[in-house]
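Undergrad: Protein sequences appear in the order of chains A and B. Quick note on numbering: the first sequence equals residues 1 to 390 in our numbering. Quick note on numbering: the second sequence equals residues 391 to 445 in our numbering.
Hints should not be assumed to be uniformly reliable.
Said to hold, decoys possible - On the chain A side, residues computed to face chain B include the following (Cβ under 7 Å):
id	residue
1	165
2	170
3	173
4	177
5	228
6	232
7	245
8	248
9	250
10	254
11	256
12	260
13	325
14	327
Claimed, not checked - In the DSS-like style, the derived pairs of lysine-lysine whose C-alpha atoms are separated by at most 27 Å in a straight line are:
id	chain 1	residue 1	chain 2	residue 2
15	A	171	A	377
16	A	126	A	318
17	B	427	A	130
18	A	135	B	422
19	A	98	A	79
20	A	377	A	333
21	B	427	A	135
22	B	427	A	126
23	A	79	A	184
24	B	427	A	380
25	B	422	A	118
26	A	118	B	427
27	A	322	B	427
28	A	318	B	422
29	B	422	A	230
30	A	341	A	330
31	A	301	A	341
No lab work stands behind these hints: they were computed from the structure. The structure displayed is predicted, hence computed values, not measured ones. Built from N, CA and C at the ideal position, the CB exists for glycine as well.
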Amino acid sequence: MEYDAVVIGAGPSGSFCAKTMAEGGLRVLLVEKKQEIGAPVRCAEGVGKEDFLELVDVDRRWISVEIEGAVIYAPDGTKITMSREHSGNEVGYVLERKIFDRHLAEEAAKAGAEIMVKTRAIGLLKEGNKIKGVKLSRMGEIFEVESNLVIGADGVESLVGRWAGINTALKPNDVESCAQYLVKGIDVKPYCEFYLGSRFAPGGYAWVFPKGRDMANVGLGVLGKYSGEKKPIEYLNEFLEFRCPEAKVVELIVGAVPVAMPVEPMVADGLMLVGDAAHLADPITGGGILNGMDSGRIAGKVAIEAKRRDDFSAGFLKRYEKEFMEKHGKIFKRNYFIKEKLMGMSDEEISEIFRALKDVNIEDLSVFGLIKEMFRKNPKILFELRKYFL
Amino acid sequence: MVSVNRERCGYCGACVGICPSTALELVELHLKIYDEKCVNCGLCIRICPMGALEV
Ligand SMILES: Cc1cc2nc3c(=O)[nH]c(=O)nc-3n(C[C@H](O)[C@H](O)[C@H](O)COP(=O)(O)OP(=O)(O)OC[C@H]3O[C@@H](n4cnc5c(N)ncnc54)[C@H](O)[C@@H]3O)c2cc1C
Ligand code: SF4
Ligand code: SF4
């Protein structure tokens, strides 16, 4: 079997990349180790509206809820609500990823990509340093697939990059360990709730993302550095007791999300890493769906050009990394910097800032708008931050 | 040597992502541990959201 490109992992990043390449006329194979694309979901499923609409046309089938704003709670319970002035103007969506992920894979198939499920990549085929394809394992059968290009879209547990000599092992300071329940019987508005502070989630936050009617994703992430004896699942049980003791749990998921700088390098000869595999989730929020899809799109475009020139060298593929970083690099640097500063703040410091902000009308709805406000009284940090605004 | 409690494991791959020496691999819902590669750093035990790993 021979392909122009093999994509490892059918999450949003991999499927979107496969679709882009297939549309460009490449012979593409998309490989997923699970027998079911889209499940289990390891995600709270929230995305910002604007960036999302840049990538896909919205389909009601995979939208759970349209979000109108956010409510953020400081450790002492002081809350700040951020919403667009004109109500009814939604700012984001909570997706139904079981359907969304599958939809993206179907789109890839529609564009001409082959798909193999229950098939796991177990290594790269190499000729010297040059990648010649992948070694796959399906239900006990091991076989090889030749390809000029391999795309590592294998998520937070990525091994593809490591096989090519890129160290993608996450550092405890750069990963959130998460647990989440889908619950029924919770009182929610179409707002995403965020709870800061060490009581619920040291070095991270707890969230409530509405899923329609009286359902919601209730979860939290604890920074790897602070994760120890007490496990995220225990924090989650306490948070559930606090937020909605009456609610009934219908699903449990656990997972990890990188809150890191993008992997360097993101490419090797005949190889590109996209999405969580390249640590492309946002360092503050841990949101990785949109960055992942955009990285898949850019990598796909570069792959089409690489095929046209018959040049799959790291030197050429570097264009992907360059284009991605030109578009998103500054935000990564800024948000990573902010993440580090937030980690250095005590519960009381955060609460104090929130108390001072309580009556401020925050126009800019983004998390970043709030963060700017939070550091307003700290000229040193604000000075540093200014670098990232220019 | 690290061992996994399969009744607790939520097959999330957090441990795989943090392991510095590729001693772990998630085969769908089944965590594989390659003892010969493990350097006993304990990071996987710390990161596991379920408390499913122990020495
Ligand atoms: C609890 C939690 C909440 C989150 N909430 C949000 C949120 O609200 N909004 C948001 O934007 N992001 C959120 N994220 C992050 C988001 O889920 C990820 O960033 C996103 O799924 C990354 O997409 P991906 O395609 O890169 O990787 P994934 O979606 O992880 O897909 C990788 C795929 O590769 C497959 N795979 C792995 N290894 C192999 C192999 N060897 N062979 C074949 N297949 C393989 C896996 O089975 C998987 O299907 C959250 C994460 C967690 C853990
Ligand atoms: S103890 Fe360290 S080396 Fe061993 S499996 Fe866990 S993370 Fe990997
Ligand atoms: S981190 Fe824990 S729950 Fe997740 S796969 Fe590893 S052992 Fe299982």
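Undergrad: Would you pick out the hints that fail for this structure and give their numbers low to high?
TA: 1, 3, 7, 8, 9, 12, 13, 14, 15, 19, 24, 27, 28, 31
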